[in-house]
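Heads up: the protein sequence lines correspond to chains A and B, in order.
In terms of the numbering used here, the first sequence is residues 322 to 770.
In terms of the numbering used here, the second sequence is residues 210 to 454.
FYI, nobody ran anything at the bench for these hints, they're computed from the structure.
No experiment lies behind these values; they were computed from the predicted model shown.
It cannot be assumed that every hint is accurate.
[Said to hold, decoys possible] Derived list of chain A stretches under chain B, where covered just means 3 residues or more per stretch with a C-beta under 8 angstroms from a C-beta of chain B:
1) 348 to 355
2) 361 to 369
3) 409 to 421
4) 588 to 597
Ideal Cβ placement from N, Cα and C applies to all residues, glycine included.
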Amino acid sequence: MNLIDKLTILADAAKYDVSCSSSGSTRQGGKGTIGSAAKSGICHSFTADGRCISLLKILMTNNCIYDCAYCLNRRSNDKPRAMFTVDEIVSLTMDFYRRNYIEGLFLSSAVIGSPDYTMELLVKVVEKLRYEEKFHGYIHLKGIPGASPALIQRAGFLADRLSVNLELPSEQSLKLLAPDKTRQNLLLPMHQIHQGIVQRSEERALSRKAPAFVPAGQTTQMIVGASGESDLQILRLSSALYQKFSMKRVYFSAYVPVNEDSRLPQIAKPPVLRENRLYQADWLMRFYGFDAAELLDESMPNFDPDYDPKIIWAVRHPEQFPVEINTASYQQLIRVPGLGIRCAKRIVSARRTARLDFEDLLRMKVSLKRAQYFITCKGKYYRIQNPQPDMILRALKPQARSPYEQLSLFHDWQTTTPQGMVEVLNDNAYFPKKAESQSSSQNNLLPVF
Amino acid sequence: MNSYLYDGSFDGLLTAYFYAYKDTDVHGIYRQSGYQPDLLSQPLTVPAQNDKAQRIMHSVQQNLSAYTMQNLYLLYLSELPDCDLLGLQYLRLCFSQGAGINHAKHHPVIRRVEDARYKVLHELDHVKGFLRFQQLGRHVFYACFAPDHNQLPLLISHLERRFSDQKLIVHDEKRNCALLYNLHSSIIVPFTADNAAELLEHSNDNTIDLFRRYFQAINIPERANPRQQARYMPHRYRKYMPETQ
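Let the hints inform the model, and build the full structure from the sequences given.
Given below as structure tokens:
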């Protein structure tokens, strides 16, 4: 089998690994070496599914001794199998890196032989890159569950980031869908990496010459939608992972049905919207100071497909609003739906020089579409005084408009539902909408002019 | 009404600022190469004077801030219409109000300066990722691109740090110049499409076939989202990215 076929098989087998980031490390080589890591990470290309190519993401081999239900590479699947040699991966990485195709290597593997044997192979690749090729680019290595702590330790000193996949959000699902893996097996290496990072950062505080251990931190990923957990359970779990193991990221991967299996749900499309909502919540927890318990609770264990988690939180907490732009703290500002980190920083910066009004906000390119219901400037709302939660939700409801709708000169104003103030102000309300109770179905019966 | 013309260098621009600063009747500041005379204004050609440029630079760094100086430089590199005049307005504003005026993100001049700054640095992020080298000799690599803003001066430090053991030629097709790196230092020289054709005559670098195959294999067709792809990787850059073709 030649290199190009191997690359096709093993890249195809690696594509369900979500992590693509190359950020967090500042590794540098001296003159005459190759490679550097960029603190913010660099994306080198984007595939047709909109995901970035930052690292050369490949498996060492897709020949697996395990039989996990959701996995493309499971033992019982009849798939072409391939395996790279250490030299092939090293030369591929260097060739791509020297041409600026990639930011580094993301090496993972199916388990071949035993976890230790597989991990040893991965470490060999990284050692060769670092020591022989003098490569200082970014390397993300997958920790193989069950590998010996000594190997994980060696990997940690060479790679920028280590990750161990949590696979599924609960122990029951793991038992059901990935019977060869145990919770213990997955959490132990995570714990070890966490300990290593803590210990090394203490050492580095004493001497900056102490070797870095996993400088870009550890991450993990889990599949969403392959088992019955609620968003609340998933969010609680990821929040615990951030706190206990100082994770840099917890990735979610919408379940893509690749296998026929009675244990798996039958779905037509991967639940990408759910994945998106979870990521929004994840961002709220990591950057916006939200707590998992604030976003979801037992009375509402799942996210609303129509609204993002921040809006839902805001309408459930009317006592926190309105927020006065000129006096609110930065922490209050970033909790306003429609205001992000960048806008909040701009506001905080600008109000040092003057008291702001809505004109100023618009000039600063702050979008008021959502924020207008939650903020005041100099004590005044933008357009609508004292908006009520149900009114806000109605105004912000995503509108399913068919692209083929024919606009008519003869609007049937009287047949549209009685309008609240919001709908009058909402531009789209001037046009009859589809999929809104009976009135629209009656419209369809009217003769077309 | 006076139009100040400078030679296109940053020193030249700062010299023009030096003379135009007190002039109450400035119509515009233009590069000599692209200048089109108009009926209203009278062109004044300003030769680049290093000492005058140094005075402005020194004064900005002493009395204002390094951030202000950086903004002036990025404005110059942005090559947006009227960016040079905007630079003068910005300079005057900062000197009259102090460097603290940079906080006033709602101020019309500051807003435009911040916009230009964002555009240049945002494109720099793109360029760092989207540049594609091909191998010409054992350790000689060539890349070409055509960025909206002048990115070569900003790329130097990144490329030297990353590819310190490769000789590099980075060709800006739009501005007909190239960055040359010889393992020790970098310079930017005039470079035309003919020069590039000469260089590429005998090159046969097939690594792109491997990467093209990788690019297809890593895609998940079930999650197709070309709109997202176009947002992150605008079509105008793809001409120079062989894996997308």
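Each hint, compared with the structure:
1. 348 to 355: holds (count 7)
2. 361 to 369: Answer holds; 8 residues pass the 8 angstroms Cβ test.
3. 409 to 421: holds (count 6)
4. 588 to 597: Check passed, 3 qualifying residues.
No hint from the list above goes unmet by this structure.
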